[in-house]
Every structure is written in C-alpha cells, then in structure tokens.
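Here is what each chain is made of, one letter per residue.
Number of protein chains: 2
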Amino acid sequence: MTRDEALALDAADPLARFHDAFALPDGVIYLDGNSLGPPPRAVHDRLTEVSRRQWGEGLVRSWNTADWIGAPTRVGDKIAQRIGADPGEVTVADSTTVNLFKLAAGACSLRPGRTTILSEAGNFPTDLYAVQGLGALLEDRVRLKTVAPDELLDAIDEDTAAVILTQVHYKTSRRWDLAAVTAAAHAKGALMLWDLCHSVGAIAVDLNGAQADLAVGCSYKYLNGGPGAPAFLFVAKRHQGAIRSPLTGWMGHAEPFAFEDGYRACADIRGQITGTPPILGLAALEAGLDLQLQAVPTLVEAKGLALAELFIAEAQARAADPSLVLTGPREAAARGLHVSFAHPQGYALVQAMMARGIIGDFRSPDIARFGFSPLFLSYAQVWDAAETLADVLATRAWDRPEFHQRAAVT
Amino acid sequence: MTRDEALALDAADPLARFHDAFALPDGVIYLDGNSLGPPPRAVHDRLTEVSRRQWGEGLVRSWNTADWIGAPTRVGDKIAQRIGADPGEVTVADSTTVNLFKLAAGACSLRPGRTTILSEAGNFPTDLYAVQGLGALLEDRVRLKTVAPDELLDAIDEDTAAVILTQVHYKTSRRWDLAAVTAAAHAKGALMLWDLCHSVGAIAVDLNGAQADLAVGCSYKYLNGGPGAPAFLFVAKRHQGAIRSPLTGWMGHAEPFAFEDGYRACADIRGQITGTPPILGLAALEAGLDLQLQAVPTLVEAKGLALAELFIAEAQARAADPSLVLTGPREAAARGLHVSFAHPQGYALVQAMMARGIIGDFRSPDIARFGFSPLFLSYAQVWDAAETLADVLATRAWDRPEFHQRAAVT
Chain R
1 MTRDEALALD AADPLARFHD AFALPDGVIY LDGNSLGPPP RAVHDRLTEV SRRQWGEGLV
61 RSWNTADWIG APTRVGDKIA QRIGADPGEV TVADSTTVNL FKLAAGACSL RPGRTTILSE
121 AGNFPTDLYA VQGLGALLED RVRLKTVAPD ELLDAIDEDT AAVILTQVHY KTSRRWDLAA
181 VTAAAHAKGA LMLWDLCHSV GAIAVDLNGA QADLAVGCSY KYLNGGPGAP AFLFVAKRHQ
241 GAIRSPLTGW MGHAEPFAFE DGYRACADIR GQITGTPPIL GLAALEAGLD LQLQAVPTLV
301 EAKGLALAEL FIAEAQARAA DPSLVLTGPR EAAARGLHVS FAHPQGYALV QAMMARGIIG
361 DFRSPDIARF GFSPLFLSYA QVWDAAETLA DVLATRAWDR PEFHQRAAVT
Chain S
1001 MTRDEALALD AADPLARFHD AFALPDGVIY LDGNSLGPPP RAVHDRLTEV SRRQWGEGLV
1061 RSWNTADWIG APTRVGDKIA QRIGADPGEV TVADSTTVNL FKLAAGACSL RPGRTTILSE
1121 AGNFPTDLYA VQGLGALLED RVRLKTVAPD ELLDAIDEDT AAVILTQVHY KTSRRWDLAA
1181 VTAAAHAKGA LMLWDLCHSV GAIAVDLNGA QADLAVGCSY KYLNGGPGAP AFLFVAKRHQ
1241 GAIRSPLTGW MGHAEPFAFE DGYRACADIR GQITGTPPIL GLAALEAGLD LQLQAVPTLV
1301 EAKGLALAEL FIAEAQARAA DPSLVLTGPR EAAARGLHVS FAHPQGYALV QAMMARGIIG
1361 DFRSPDIARF GFSPLFLSYA QVWDAAETLA DVLATRAWDR PEFHQRAAVT
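Residue numbers (my numbering), protein chains in the order written: chain R, 1 to 410; chain S, 1001 to 1410.
It is possible that part of the hints are untrue.
A short, non-exhaustive set of chain R residues, derived as facing chain S with CB atoms under 7 Å [what the hints assert, rightly or not]:
no.	residue
1	H19
2	T115
3	A121
4	L128
5	L137
6	D140
7	P246
8	L247
9	Y263
Coverage of chain R stretches by chain S, computed from C-beta distances (three or more under 8 Å per stretch; other residues unrestricted) [said to hold, decoys possible]:
no.	segment
10	21-32
11	36-50
12	62-72
13	98-106
14	353-363
Across the chosen pairs, the derived CB separations fall in these ranges [to be verified]:
no.	chain 1	residue 1	chain 2	residue 2	range
15	S	T1115	R	E331	51 to 57 Å
16	R	E158	S	A1183	50 to 56 Å
17	R	R264	S	A1023	38 to 44 Å
18	R	A23	S	A1313	54 to 60 Å
For the record, the hints were derived by calculation from the structure and aren't laboratory data. This one's a predicted model, so the numbers in the text were calculated from it and none came from an experiment. Even glycine gets a Cβ: it sits at the ideal position worked out from N, Cα and C.
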C-alpha cells in the first residue's frame, strides 16, 4: 500500500469524524489505546462540571440531585449497549479483579458441588489470580485448573462450575468464539464467565446472543474511561435472583438507607455493588461512553481490524528483520484490535518507537504490542507507524543503552 | 454564648486560615463534611492537571512519568501520618467494604482455628455485611457475632479471631478507646481491626501507639477526597509477611509486570492492592490530604469538639422542643466530631434546615445528624446553625409536605 492509498482510505472512513473528539499531542501516533485510551476532549469539561458544580456547589445533595446514586447502573446500561446486554444486566463496580472474584464465587454458588473453575494457561494474570485467591480462601473446595488453549474445550466436564476466558487475549490478540465456547460450557452444565477487557468498545460483542452467563471488563482501554477507571460486570437476568455475591456491602443491600444489621441482597444487578460508587471515575467513563455510543460497533470492529491488517502487512513487507515474529493468528477474523510481535529486543524496540512518537507497549518477555483504536487513529498514521517500525529495525535504532533501562511499569 | 463571643473564638482560631482553602456556596453552612467533605479549591486544578496533562499528554507513559503506579502507597503514606502509622503500613485500595472483607479474611488467616469475628450490634452496616458475606462464603467456618456495645469487651474470648469496631460510631458519635479495646482484644489473643471512617482527619488517631493490628477507612469525609473516593487500609508491619489477602489481583503480585500464571503475593503493604489503581480518585484525594497535612491533628480534634459542644449547648439552651434528644454521650471526650439528635420528625427537620442553608443529614429511623469539620467551619456559623435549629423547632418549620418526601438517598 502507498501512503496515498492510506490517505484515500481515510477520506472514505465513516469513523474519521471521531478523530476531532480527541486531542492527542502533536507528533504522537498512539498505538496504546488498548492499554489506556486517550481522553475524549469532552471529558475534561465533564470532570470540571462534576468537581466544581456537583461536588463543590451541590455538595452531599448531589447524591440525589445529580443522581450520583444511580450512576453505576446508568453507566452500566450504556456499557450494556456495547456488549449485547439488556438494561439492568450491567453495573459499574470495583475493579476487574474484584468483579472476577465476585462472579467466580457467584458461579460456584449457582453450581454447588462442582469444584473446578477452568481457564487457559497464559490468560491475563489477574483472571487466574482472582480464582487462585478464591480457591485458597475456600481451602481448595474450588480450584483453578488451567490448560493450553487448544485443550480447553475438551477439558470442560461435569465438575466444571465455570469457564473463565478473556475473549481477546491480551498478548496474542487471539479471539475466542463467544457463542461456540459458551455453548460448549453449557453442554457440560458449566457457566461461562467472559472477560471483555480487550473486547468492549473494540469488537462487536453479543453476550445475550451467545447466551453468556457472566462477564466482567475494564473501561480504561477502548472505552477511554481514564486511568484506573472503574470496571463493570454483567449478570444475565436469569441468574440475578439466585447468584450470591461474597462481597456484601451496604450499596448492594435491598435498602441501603435502612441501615439494618443484617444483609439482604438487592435482587437485581445492584446486588453486585459493594461500596460507595467512585463518582469522579464514573463521570470520566460516562463521557467516554457517550462518545463511543455514537459509533456503530460493526464499523468500529471493521476499521480496527483493517488498521491492524494494514500494520501487519506493511510491517512484514518492509521489515527485513526475520526475528520480528507475529504472535497469534494471522487472519483478521481470529484476532482483536491489537497486534503483537515477538522480538528478542522487544523492550528496546518499543522504547525506540516511542522516541519517534509511536507509542506502543511491551509485554514480558519479548512482546512489542500495538493497538489500533478505531475512533482516533487514521490509516495514514498506521502506515507511518509501520514505516517507522521497519526503519527502527533496519537501522537497529533500538540498540542504544537508554532504551534498555526498564521502567517500573513496562 | 453570644454571637460576638463566637466571633471572638473565630478571631483566635489557629485553624481559621484554612477556611479560604475551600469555596463553599454562598448562604450555605455545611454541617455534612462528615458524610461528604467539600472540595478544597486546589482539587479542581489538580484534576485538570491529571486529566489534561498527565492523561491527555502523557498518555500511558504517565504510569511511569507521573508515578501513577506509586500513587496508592504514596497517598497511603500521607494518610499514615494522620492515623499514627509508619510509612509502608497504609495503602489506598478499593472501597471500605472490600477492604473490610480482605482484612477480616486476613485476620482469620492469622488466627487459624478461631471462628468468630466480633462486632457491636448497630455498627455501620457495611462492616457487618462484609463479615456476613465472608461467613456465608466460608459456610460458617467463620461467623459474625454482634453484641450490645456494653457487652463487647466481655464477649471477646479465645474463639475470637478479630474484633471489628468503628472507632467513632456513625450514628451516635460515641468513641471507643482505641488503646483499651485493642489491649482487651490482644489479652484474648484476638486481632483488632479498626474502621476509621469517622476518625481520619477528624480526631487524633495513634494506631501504632495502641498496637492496633489492622484498620480501614474511607477518605471522602474529613479528608475531603471527593464522592466515592478510594478507601485505605492499614496492616501493621509485624503482620505484613504473614497475612493472606483473599483478593489476589495482578497489582498485589510481587512482580506485576512479569505476567506469571501463579500468584505470588508482594510481601509488603502492596500485597493488599487488587486491580489497577483509580488515578482520578487518587488525585483528588491527594489534594485533600496535602491540605489536611498542614493542620495539627490535636488542634483539628480540639476545634471540632468545641464546635460540636457549642452546637449541643446552644441548641439545647434555645430549643424548647423536648422531643429533640441528643443521642450518644454528652461529654466531648467520649465523642467524635458529629452530633446526632433523635426527633420524631427527624427527616423533615433536616429538610427544613437545608431549606435555610444549613446542610446536615438524616439517618434512619429518626436521627438528624450534624458534622463539625474543623477546617472550613467557623464558630459563628455553628452559632447561626444552632439558632436556626431552635427556630425551625419553635416554629414547626418542618411541618410542610415537601419536607416529608423522601429522596432516594436519605
């Protein structure tokens, strides 16, 4: 592809109108929206509104007058629109980790007697850790079992309480078939808990179409909710009356302001809320969502996959370095919106790219990862990034001492 | 006391210089800083800095360059200065509810074989609910036991894994003796877990002086951290190597960015962190703390108690309504910084006060509660508030239909 051809794609891009909704720094091509999405312009004013007017002037009254109390489910309902869930099936709450713990325990409460929670080896660590912690607390009455991805479907059995998978793998970008895996779990009587961290706002997700049971996800990637933005969780309506959350807090009580000594769970999705909702984080997230909801999910997915395809093709066509190896599947339909290359100098490679304004990230031990958020990236930017990658490799630009000094967060 | 005498107290108030650090709305006397502290002026610019510069320009790089990754323990170390803890003993994490769950489970891990967690009936609900949820998950291997406050010390026994108490009661304002109760727990081999929600930033707390084991607290009251600001927890150094958190997430791992499949807990306080830290909430909280740390804790407590004393004395002297009954202890040393009156029309009374610009809050079933945050309130304001309360009672100003319509959040 020539750069002019990339520019022609931009001219015809139905999502190009979203570029102006972001104000990225000059000279930066941001290929890390899959780690931390950039702020929509509107988020700054939204935060000022919440901080100065709602908090500063409304004070405690804003729990009612600004409907802070309704924010977790109001914002949850907006997320629901992007993951194929119905109103009342999603709430914002806690972190992805804490939500995994709640729903893993909840799945066990729905499948008493079953002792295994199944996942894949190499899943995002927190998904595995959350279940390991639950198992340790329960003295191995429930245990995490991990198997290689290609053994996963066969490993589901009558002892499996739940299968937990990240739909799009954080490292390889490999995508699980939501409907097929859910059906395989159900065939053995197991529940399916999807981690949508790398899906939501990126690819078209249809939880109810797949009859999924449970899901979690973060909001700071493709939803542009801000650093450490609050996470969300989904419980299918059919499970809401029966599922038990182990994290019972006052905001999940049927009547929080009755201040009773005994816990009575709210029977709807609010029973999964624990403590006081994080209003500043919710406000930033809602601004990101309000933008996201203006875009058509199938167009978002298609553009993201096309950008990733462009990057892979152009990088492989130009890069003379045979040690740059694509990890994960080559075909677009089997991937999410990020692309990972293994390279012996992966860390330094990412640093050298950053020094030229191309921001990606590194994942241990040797992965250079680049994400293709469809709302703010152009085809021409991705073309430029691929050319830069080829040049960095050809000139061994990564071979400078400062690019090998590891920061705290890699 | 005359109003001129109140003004004289203001003129001599060593904390009066803090009033200008807040911008409260005209016509408002804010007696609800014990529920949601108002924003310090500096918080708005801090949020703008984080939102526009760190997030918008620094993007994902700010995890290193703005030390977002260090924020939970950096801010935790600042909180430590207000609760008698050492550096490295406090981290910001999750909500109070989730932290209670973690530390209650952690206490059980430190006291294997003991099956009771003891608290007082009528403690803040989330403290009770968190333990009830833990007990249900553990199928009653651990159980919450609640007793009347005056029976509590005698109820501690060799089966008690931990005693959980809120130092200052959310409703009555009654204050437990931190050192004496901790010693009583230790005498039976139990651990002491303090909830400092109504203490931190209000009264002088010395956890290590009392040899306390564990503590939690929220930061949106007297620390002015913002609505739903992230909570904190304390684990005494001597317990950090041994305590097990049940909520094991990637941010509590010894090497989060090694992305290992197996959880290895960080041996220091960071082992209690679960998911990605909430940066916007942490930023607002840090601004509140930076202000708080300029005030001398003993002066803060003394002024708050004096304001509360002024309000009680003036209200009782002026209020002809015998159905207004102070709940909790009368003597200042036995209270925290809020004052609760029971009144048959408690809800409408609070609404009528709010209509006159005096913001307090209601607690079911009949409590009108008023808080006396020392950094932004003046003696003259409290004198005015007491006069208004007397007038509202004398004129039955609460007796209007609109004051009886309950909002979602009461």
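Tell me the numbers of any earlier hints that the structure contravenes, in ascending order. Hints 1, 2 and 6 are the ones this structure does not satisfy, whereas the remaining hints hold.
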